[in-house]
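K.L.:
Chain by chain, the residues run as shown.
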Amino acid sequence: MTEVIATNETILVVGGGISGMTAALEAAETGKQVVLVEKRPYVGGRVTQLYKYFPKLCFPTCGLEINQRRAKMNPNLHIITMAEVTDLQGEAGNYTATVKISPRYVNENCTGCGDCAKVVEAEFDNDFDYGMGKRKGAYLPHRMAHPQRYVLDPAIIGTDDAQKAKEACKVNAIDLDMQEETIEFKAGAVIWATGWRPYDANKIQPYGYDRIANVITSVEFERMADPNGPTGGKLVRPSDGKEVKSVAFIQCAGSRDKNHLLHCSRICCMASLKQATYPADEVDISIYYIDIRAIDRFEDFYQKVKAKENVKFIKSKVASIVENKETGSPVLHGVDTEGYNRYADEHDLVVLAIGMEPSVDKNSFPVEIAINEEGFIEPAPENGGVFAAGCSSDALDVNRAVQHATGAALRAIQVVNRVAASEG
Amino acid sequence: MADEKKFAGYVCTGCGLGERLDAGQLETTATRDGKMQSCKQHEMLCSAEGVQMIKDDIANDGVTHVMIAACSRRAKVEAFNFTDVALTRANLREGVIWVRPDTDENSETTQEMADDYIRMACAELKSMKKPTASGEQALNKNILVVGGGVTGMTAAIEASAAGYPVHLVEKSGALGGAVAGYYKVIPTRSPYAEPAENPVPAMVKQIEEDSNITVYLNSTIAKTDGAPGRFEVEIATESGSSQTVSIGAMVQASGWKPYDANNLPEFAYGKTPDVVTNHELEALAVAANGGPIKRPSDGKEVKSVCFIQNAGQCSTKEGHLSYFSGVTDLVSIKQAMYFKELNGSDCDTTILFDNLRTPGAGGEDFYRAGQNAMVTFSKGIASEVVPGDSLSVKFEDKILNEQTEMACDLVVLATGMVANSGPDPYAQLMVDEAEDEETKAKAQAALENAPPSILNLQYRQGTDLPHLKNGFTDSHFICFPYESRRTGIYAAGPLRRPMDMQQARDDATGAALKAIQAAENAALGRAAHPRSGDLSFPSFRKEGCTQCKRCTVECPFGAINEDAEGYPMYNESRCRRCGTCMGACPVRVISFENYSVETVNQQIKNCDMPDEFDEKPRILVLACENDAYPALDQAAQAGVEINPWARVVPVRCLGSVSLSWVTDALNSGYDGIVMMGCRRDDDYQCHFVRGSAMAAERMSKVGDTLDSLNLEPERVQLYEVAITDVERAPKLINDMAETVEKIGMSPFKF
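Going down the list, the protein sequences come from chains A and B. All residue numbers for the first sequence refer to this note's numbering, where the first residue is 1 and numbers rise by one. All residue numbers for the second sequence refer to this note's numbering, where the first residue is 1001 and numbers rise by one.
None of the hints are false.
Sample of chain A residues facing chain B (criterion: CB under 10 Å; computed from the structure):
id	residue
1	T22
2	R70
3	I267
4	G339
5	H404
6	R411
Stretch-level coverage of chain A by chain B, calculated; a stretch enters the list once three of its residues show a Cβ under 8 Å from a Cβ in chain B:
id	region
7	29 to 35
8	293 to 300
9	394 to 401
Just so you know, the hints here were simulated from the structure itself, not pulled from any lab data. Backbone N, C-alpha and C define an ideal beta-carbon position, used for all residues, glycine too.
Just chain A, with the same shape it has in the complex (with noise of 0.2 Å):
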């Protein structure tokens, strides 16, 4: 049974992307006790599956090693994976969360040492590259994560790939007796940072996500684009593995649009001239937009990729793509707004920079919360105790959403602090 101690003081942290990881070490470092629920079996949330930041090109996992090593140097703030909080009753200063943990089969004695993964055979899709390659029914998430925790495939209990993991433990960590746990408890304030998903890509019909190979995602882009990645860094396209030559970006695939996501979602822009710097100068790369929105500093990134040869711009939402059946390559259709031109352009690879919508749906919240037509937390008093941090309360970018979650860490404290000081 996982035990949590906890008490009115205690705040609950509810996501541990880089906006749940944040409110919660920021609150643990105040001298508050934290406890952070995750879903995944890791910390970090979808930042450790990008390749790079804007507009530093650098690396999120060197964010991501500090925050890891803070949290594992902080005893005020108890982690616990695989758990979703299914439940939230009370009022702020005093709720009761209720939490679904799922089994990992996998105690903390594990070493991560990784015997358990060179015998099992099943494989399966890797959802930390979006589907793209493969991993083990044993895995390590990733090589950076947080607990360095094997985890089994609940597809593998009860199959021999399952018997030969525990045989191959030599630290008595496999338990394939884990059975899904259900637990209580008190929270004085609740920082709700569950943060974002991709859109449906599936659902932007005239794209054709669904029947062309060549036409991916930006998050997808996102894995290829990295080292540690499905196809080892180099940007291939997925249906025949040749190099590409020429990739084409789709702006606001799914945002900005009345039949998908009514918002901005702030960040694609950005992403997509990240991604620009990605292939080879050689390659050639069109960007197909509505507006740019480089905010800020950002402009001088927006610059920078705009002067490079091998970048065009073109005013326009695309119409439609359709597959060249002899090449596989996607046609982009529709028209460049300024001076109203046709076109039928032909890319290696179209990626469609893909709109951000809250992971949790409207209706799924398991407590009473003010949201917005966009499926966002509104800033509302009548939430009480429970804070909205980072993605879960707009489309924001890193650094806003960390700015958020530290904002969010204080009002959260604030609850506590009341109840401390009334609690004498």
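Position chain B relative to chain A; hints supplied.
P.N.:
Only chain B this time, still in chain A's reference frame:
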């Protein structure tokens, strides 16, 4: 006896260590060479049982110093978190067995590697002390907020709500800042459909009613002495009186200034009063007093207005702002809606833009609201405004691809925000380090036109927060927005980067948290980010100090002051524990309890040095613990081989590397030295900002050392290594091994 030291070693034989290595020999090495008073083996040291064994020894046997020979110091941190002792870890798993092939012919060198890491760890431990807080500061919960605009007021309200007393200092005679004079503001709540009520009056009222907030109007900061937990701040009023308050930490929210539109003669600014800036339009809207907005020249009701976006911004022209001010498109939409509201829905409002930047849910909703209110959005770039009774705006219509013009009664220039920061303490450095004449001239001009100080810090390295770019203050603008180069002082709002009001309020709340955290941790002697919680702090041996001032100059955080005689004064709570001062010190008198010139030197010396004829070179690797070391760990996980001659020593930052380590290593027979630090250019990734750069500068002089020893320059290499260099980091080490093979062994072996 309380200060009696007891050294205990623990060798783990789990994770294949027992199979790959001779644990008995490791134990002997720890006791015989490493002088551990005891050494125990355990088949799984990180298990509850193994950890309990160590805990018991600490509790019952008085163990004060613990050497753990197991996995990387990055693994099982929680298990081995013994806070009551000095602790070191020999990395035998990721550092040895995972990077060496499991074959008979390699077993000898693999064992030698492991033995060396044990000798090194023991030697390090011998010169380590358990860090303890200095008690230099007590808990001071008072938070100072400089600037009484929306950002500063928010910081004050939020800090107070958490139970911290606030001193709010405002230069002018009233709270409210720039926004106080606005007719309405951009909406911050769903449905983001129309301009919202100005929040300033309500905020001012809230502050006036809050007995926990002391407001100082017409006041400035005359002097700031001290450090987090013990700042002494002299607040001076316009009338000449002053008082000193004791402060735990502070938020600087000195805001922004409107861009000077006199730099835009092409838009007839200054030639006709009917061309106004967005900032000035607010006053016209307020003056309209609920009636139609009138144009300044003749008081005529405005029937048509044109907004020129990005006037003087997003432009590299002389005198323009190169950045985008974040909020100015939303501001124009808001102001266009003023005309629809006050002057009637038939008032022509045109916004000339190139890229309309209204991000997020609120941004896009408000843009749509503008469209619904029949604001005309026209993709065009304005080139000129011709004054006259009716103004003529000439522009390039980007849709029709033609030069055209439009007539209107009033033109609003969407000009940008300029940071209201103090002088950059590194302005002179920017001049000195400029790589070309143009940059130098710019830096020189910035130095000469420096604004007056806001904080008046009595710091060796200057009076105010360092700038990052375009006059905005320091911040790591991706992962750690509050990473300030002046610990305990947090910039918030448009001082930090251009931003809208909602972002400024979020930012202020975050900055207030950081200030509270800094005050709390100062009291406990705990370091701020990125070595959060570290209790070690630098001290120096005064008798050895030559008052050369390198430490006070090179500290990336301006933490060190000088006393009257020129000796360093460390200010523990300003320090970030990177050790750059230690690396800077030519006479090696600076040390931390658990990290010093000696702790590393002992590791270097206690590695077994085979003689020249053994054909077993030794390569010293000094690896930044933040990026290079994790890269090597990941290489080990991936099974990438590392040459068996390498001995890796993690360092807090390459900036902490003392040149003496390099000299001593060469003198004691190392054949090659590889140093790995973080990227150090404008897009630096050094967690201590300048540490890696300082190291590179110092090591550029290593050639002299090599010359004097008559050694080949290739023997010492310094690289920028990223945390993702999983293949490259080992390769750099292996390349050095090849180099040594080519040029031969060092002649300096004993």
